[in-house]
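Colleague: Next come the chains, spelled out residue by residue.
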Amino acid sequence: MNVVFYLLAALTIGGGLAAVLLKHLVHCALATTVAFAGLALLFLQLDAQFAGFAQILVYIGAVAILIVFAILLTRGSELPKGGVFSPSWFVGLVIAAGIFAVLAWAVLESVRAVPQQTAIPDVTVRDIGNALVGRYVLPLEIVALLLTAATIGAVIVAMHEKERPKP
Amino acid sequence: MTTPLAGYLLVAALLFAIGLAGALVRRNAILVLIGIELMLNAANLNLIAFWRFGPHPEALTGMMFAIFSIAVAAAEAAVGLGLVISIYRHTNITELDKINRMKG
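In order, the protein sequences belong to chains A and B. Our numbering applies: residue 1 is where the first sequence begins, and numbers increase by one. Our numbering applies: residue 1001 is where the second sequence begins, and numbers increase by one.
One or more of the hints may lead you astray.
To be verified - SDA-like mimics (lysine to any residue), calculated; alpha carbons at most 25 angstroms apart, straight line:
(1) B:Lys1098 with A:Gln45
(2) B:Lys1098 with A:Val84
(3) A:Lys23 with B:Gly1054
(4) B:Lys1098 with A:Val143
(5) B:Lys1098 with A:Val34
(6) A:Lys23 with B:Phe1065
(7) B:Lys1098 with A:Pro121
(8) A:Lys81 with A:Phe100
(9) B:Lys1098 with A:Asn2
(10) B:Lys1098 with A:Trp89
(11) A:Lys23 with B:Glu1058
(12) A:Lys23 with B:Phe1050
(13) A:Lys23 with B:Pro1055
(14) A:Lys81 with B:Thr1061
(15) A:Lys23 with B:Ala1059
(16) A:Lys23 with B:Pro1004
(17) A:Lys81 with B:Leu1014
(18) A:Lys23 with B:Val1072
(19) A:Lys23 with B:Ile1036
(20) A:Lys23 with B:Met1064
(21) B:Lys1098 with A:Ile128
(22) A:Lys23 with B:Met1039
(23) A:Lys23 with B:Leu1014
(24) A:Lys23 with B:Thr1003
(25) A:Lys81 with B:Asn1092
(26) A:Lys81 with A:Val91
(27) A:Lys81 with B:Glu1076
(28) B:Lys1098 with A:Ile56
(29) B:Lys1098 with A:Ser110
Stated by the list, open to error - Listed below are several chain A residues computed to face chain B (Cβ distance under 7 angstroms; list not exhaustive):
(30) Ala54
(31) Gly61
(32) Leu72
(33) Pro80
(34) Ala150
(35) Ile152
(36) Val157
Claimed, not checked - So the derived label-pair ranges between C-beta atoms look like this:
(37) A:Gly98 with B:Asn1092: 33 to 43 angstroms
(38) B:Asn1092 with A:Val114: 48 to 58 angstroms
(39) B:Asn1092 with A:Val155: 15 to 25 angstroms
(40) B:Thr1003 with A:Val94: 48 to 58 angstroms
Worth flagging that the hints you see were computed from the coordinates, not collected in a lab. Beta carbons: idealized from backbone N, C-alpha and C, even for Gly.
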């Protein structure tokens, strides 16, 4: 627990809070990007270099851009008339606070029993690649198929339909 | 005093709660998707933290789980935002409480 961890945690949590609370959707997308970057830096802090850079590539490079595209394509930069929060916002807030309380209680109660490995794991990208095409080759193929299907499906769902004459 | 693992798990729990609150409280469908992405990211942080401080990091299980989870989350974001754009094309709204029929 050093200063870097607290700074990165504050960056991530602040980005997440801003993403949920800000009014303009474009600002929300920017704050989400900050939260994603903080998470990638936390991964690097945890000596998971590959996951950290994959997070930067996938989330900051692709998902954030996709969110901005969706906001601009759906006229989301204008403020809605009925406010940005739903009428039942208080119930949602209570549910989220309750779940955080339960999770924090469970973590603080049980973490003493968990063994703490403090040595830095000696894992290189070569090991990850070998594991991906060795032991985890079937999940890798399934994920490849899923990504292809999801991309084609997203294009088909969002494609502009021609006006059909009503029967 | 808390251990490093507890610190990471608490950050992940807080981020999960923030994402859940965003998904439950906001009216815009895109903000709900952002909340879901934050929740998935919090789960990934848990996986990586357990991989780092667990007994057998060289087995790479937590790392692999996080990498596959990132890939699945990317697919989910693509399909979800495609659905939001399609709904907007049909009905001209993105507020979830105004979407009250499934027929286009």
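Colleague: Each hint should be assessed against the structure and marked as holding or not.
Modeller: Going through the hints against the structure:
Taken as a hint, the Lys1098 (chain B) and Gln45 (chain A) pair is broken in the structure, with Cα atoms around 43 angstroms apart against an allowance of 25 angstroms. The hinted pair formed by Lys1098 (chain B) and Val84 (chain A) meets the criterion: a straight-line CA distance of about 13 angstroms does not exceed 25 angstroms. Proximity of Lys23 (chain A) to Gly1054 (chain B) is assessed by CA-CA distance (about 40 angstroms); at most 25 angstroms being required, the pair is judged violated. Our distance criterion of 25 angstroms between C-alpha atoms is broken by Lys1098 (chain B) and Val143 (chain A), whose separation comes to about 35 angstroms.
Of the pairs offered as hints, the one joining Lys1098 (chain B) and Val34 (chain A) is violated, with about 30 angstroms between alpha carbons and a cut-off of 25 angstroms exceeded. A C-alpha spacing of about 34 angstroms is found between Lys23 (chain A) and Phe1065 (chain B), which places the hinted pair above 25 angstroms, so the restraint is violated. At roughly 51 angstroms between alpha-carbon atoms, Lys1098 (chain B) and Pro121 (chain A) are farther apart than 25 angstroms, so this suggested pair is violated. For the suggested pair Lys81 (chain A) and Phe100 (chain A), the alpha carbons sit about 31 angstroms apart, so the restraint of at most 25 angstroms is broken.
Restraint check: the Cα-Cα separation between Lys1098 (chain B) and Asn2 (chain A) comes to about 47 angstroms, which exceeds 25 angstroms; the hinted pair is violated. Straight-line distance between C-alpha atoms of Lys1098 (chain B) and Trp89 (chain A) comes to about 16 angstroms, which keeps the hinted pair within the 25 angstroms bound. The straight-line distance between the Cα atoms of Lys23 (chain A) and Glu1058 (chain B) is roughly 45 angstroms, outside the 25 angstroms bound, and the hint therefore fails. Proposed proximity of Lys23 (chain A) and Phe1050 (chain B) is contradicted: the alpha carbons are some 35 angstroms apart, above 25 angstroms.
Of the pairs offered as hints, the one joining Lys23 (chain A) and Pro1055 (chain B) is violated, with about 44 angstroms between alpha carbons and a cut-off of 25 angstroms exceeded. Straight-line distance between C-alpha atoms of Lys81 (chain A) and Thr1061 (chain B) comes to about 48 angstroms, which puts the hinted pair past the 25 angstroms bound. For the hint linking Lys23 (chain A) to Ala1059 (chain B), the alpha-carbon distance of about 44 angstroms lies beyond 25 angstroms, and the restraint is violated. For the hint pairing Lys23 (chain A) with Pro1004 (chain B), the CA-to-CA distance comes to about 35 angstroms; that exceeds 25 angstroms, so the pair is violated.
As the CA atoms of Lys81 (chain A) and Leu1014 (chain B) are separated by approximately 30 angstroms, the hinted pair breaks the 25 angstroms bound. About 29 angstroms separates the Cα atoms of Lys23 (chain A) and Val1072 (chain B), which puts this hinted pair outside 25 angstroms; it is violated. For the proposed pair Lys23 (chain A) and Ile1036 (chain B), the alpha carbon gap of about 18 angstroms is at most 25 angstroms, so the pair holds. Proposed proximity of Lys23 (chain A) and Met1064 (chain B) is contradicted: the alpha carbons are some 36 angstroms apart, above 25 angstroms.
At roughly 46 angstroms between alpha-carbon atoms, Lys1098 (chain B) and Ile128 (chain A) are farther apart than 25 angstroms, so this suggested pair is violated. Proximity of Lys23 (chain A) to Met1039 (chain B) is assessed by CA-CA distance (about 20 angstroms); at most 25 angstroms being required, the pair is judged to hold. A C-alpha spacing of about 21 angstroms is found between Lys23 (chain A) and Leu1014 (chain B), which places the hinted pair at or below 25 angstroms, so the restraint holds. With a CA separation close to 37 angstroms, the supplied pair Lys23 (chain A) and Thr1003 (chain B) exceeds the 25 angstroms bound.
Among the hinted pairs, Lys81 (chain A) with Asn1092 (chain B) is consistent with the structure: their alpha-carbon atoms are about 14 angstroms apart, no more than 25 angstroms. A hinted pair counts as satisfied when its Cα atoms are at most 25 angstroms apart, and Lys81 (chain A) with Val91 (chain A) qualifies at roughly 22 angstroms. The suggested pairing of Lys81 (chain A) with Glu1076 (chain B) is violated, with an alpha-carbon distance near 29 angstroms, which exceeds 25 angstroms. Under the criterion of a C-alpha separation no larger than 25 angstroms, the hint pairing Lys1098 (chain B) with Ile56 (chain A) is inconsistent with the structure, at around 35 angstroms.
At roughly 43 angstroms between alpha-carbon atoms, Lys1098 (chain B) and Ser110 (chain A) are farther apart than 25 angstroms, so this suggested pair is violated. At about 6 angstroms, the closest approach between the beta carbon of Ala54 (chain A) and any beta carbon in chain B falls short of 7 angstroms, and the interface hint on this residue holds. Given hint, Gly61 (chain A) at the interface with chain B, is violated; its Cβ is 10 angstroms from that chain's nearest Cβ, farther than 7 angstroms. Because the beta carbon of Leu72 (chain A) sits about 10 angstroms from the nearest beta carbon in chain B, more than 7 angstroms, this interface hint is broken.
Given the 7 angstroms rule on beta carbons, the hint for Pro80 (chain A) holds: about 6 angstroms separates it from the nearest Cβ of chain B. Interface restraint check for Ala150 (chain A): the shortest CB-CB distance to chain B comes to about 4 angstroms, inside 7 angstroms, so the restraint holds. Hint status for Ile152 (chain A): violated, given a least beta-carbon distance of 10 angstroms to chain B, over 7 angstroms. The restraint placing Val157 (chain A) at the interface with chain B holds, with a minimum CB-CB distance near 4 angstroms, inside the 7 angstroms limit.
A C-beta distance of roughly 36 angstroms is found between Gly98 (chain A) and Asn1092 (chain B), which places it inside the suggested range of 33 to 43 angstroms. Between Asn1092 (chain B) and Val114 (chain A) the beta carbons are some 51 angstroms apart, a value that agrees with the proposed interval 48 to 58 angstroms. Between Asn1092 (chain B) and Val155 (chain A) the C-beta distance comes to about 21 angstroms, which sits within the given range of 15 to 25 angstroms. Distance hint check: the CB atoms of Thr1003 (chain B) and Val94 (chain A) are about 30 angstroms apart, inconsistent with the given range 48 to 58 angstroms.
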